[in-house]
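Asks: Sequence:
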Amino acid sequence: MSSTSLASSLASSCSSADVLAAFDDAIADGVDVITISIGRRSAVDLDRDTIAIGGFHATKRGILTVHSAGNGGPDPATTASVAPWLLSVAVSTIDRKFESKVVLCNGKIFTFLALQAGAKGVVFPYAELDTASVVSLPARVS
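Note that the working numbering numbers the sequence shown so that position 112 is 120, with each residue one more than the last.
Hints were generated in silico from the structure; no laboratory data involved. Honestly, I wouldn't trust all of these hints.
Lysine to any residue pairs mimicking SDA-like chemistry, simulated, CA-CA at most 20 Å apart [unchecked claim]:
no.: 1; residue 1: Lys68; residue 2: Val27
no.: 2; residue 1: Lys105; residue 2: Ala91
no.: 3; residue 1: Lys68; residue 2: Ala91
no.: 4; residue 1: Lys68; residue 2: Val39
no.: 5; residue 1: Lys68; residue 2: Pro92
no.: 6; residue 1: Lys68; residue 2: Ala30
no.: 7; residue 1: Lys68; residue 2: Arg56
no.: 8; residue 1: Lys68; residue 2: Asp33
no.: 9; residue 1: Lys109; residue 2: Thr119
no.: 10; residue 1: Lys105; residue 2: Pro92
no.: 11; residue 1: Lys68; residue 2: Val110
no.: 12; residue 1: Lys68; residue 2: Lys105
no.: 13; residue 1: Lys68; residue 2: Leu54
no.: 14; residue 1: Lys68; residue 2: Leu28
no.: 15; residue 1: Lys68; residue 2: Lys116
no.: 16; residue 1: Lys68; residue 2: Ile35
no.: 17; residue 1: Lys68; residue 2: Ala98
no.: 18; residue 1: Lys68; residue 2: Ser96
no.: 19; residue 1: Lys68; residue 2: Arg48
no.: 20; residue 1: Lys68; residue 2: Thr58
no.: 21; residue 1: Lys68; residue 2: Asp37
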């Protein structure tokens with residue numbers, strides 16, 4: 009049996025005690041994932057980072073914590089979410105393409121574009137690993 013809990017707030021700030029209480033409530037409710045969209049401008053020591061502390065308690069109980077990477081940008085290394093037990097999520101608005109290369113044993117090299125390369129109207133379906141098959145992806149052979 010699955011269930012969903014949703015809590016939402018439009019506040020611009022909240023106390024550390026309230027954040028930790030929210031983590032405690034979510035843990036007590038037995039959730040599988042906690043997502044918290046509160047970002048800092050810069051990283052702080054982990055022993056003073058309320059979200060890192062709450063996320064650590066959740067992780068110890070097998071609960072994934074997803075956290076915004078921060079609100080500092082756009083300079084390099086401006087992420088504020090540095091705890092290794094948190095899954096940090098960020099956005100990007102750059103005008104670049106990210107490519108990955110696959111080198112086959114026969115020496116052929118395939119260059120693939122990242123899934124979010126900007127192609128409009130392209131849908132990439134979700135597939136379970138045990139039922140997935142080879143699909144056509146946009147690629148270049150060099």
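Asks: All hints, please: hold or fail.
Replies: So, going through the hints one by one against the coordinates:
| no. | hint | in the structure |
| --- | --- | --- |
| 1 | Lys68 - Val27 | holds, 17 Å |
| 2 | Lys105 - Ala91 | violated, 28 Å |
| 3 | Lys68 - Ala91 | holds, 14 Å |
| 4 | Lys68 - Val39 | holds, 13 Å |
| 5 | Lys68 - Pro92 | holds, 13 Å |
| 6 | Lys68 - Ala30 | holds, 16 Å |
| 7 | Lys68 - Arg56 | holds, 18 Å |
| 8 | Lys68 - Asp33 | holds, 15 Å |
| 9 | Lys109 - Thr119 | holds, 4 Å |
| 10 | Lys105 - Pro92 | violated, 27 Å |
| 11 | Lys68 - Val110 | violated, 37 Å |
| 12 | Lys68 - Lys105 | violated, 37 Å |
| 13 | Lys68 - Leu54 | holds, 16 Å |
| 14 | Lys68 - Leu28 | holds, 15 Å |
| 15 | Lys68 - Lys116 | violated, 45 Å |
| 16 | Lys68 - Ile35 | holds, 10 Å |
| 17 | Lys68 - Ala98 | violated, 24 Å |
| 18 | Lys68 - Ser96 | holds, 17 Å |
| 19 | Lys68 - Arg48 | violated, 23 Å |
| 20 | Lys68 - Thr58 | holds, 16 Å |
| 21 | Lys68 - Asp37 | holds, 15 Å |
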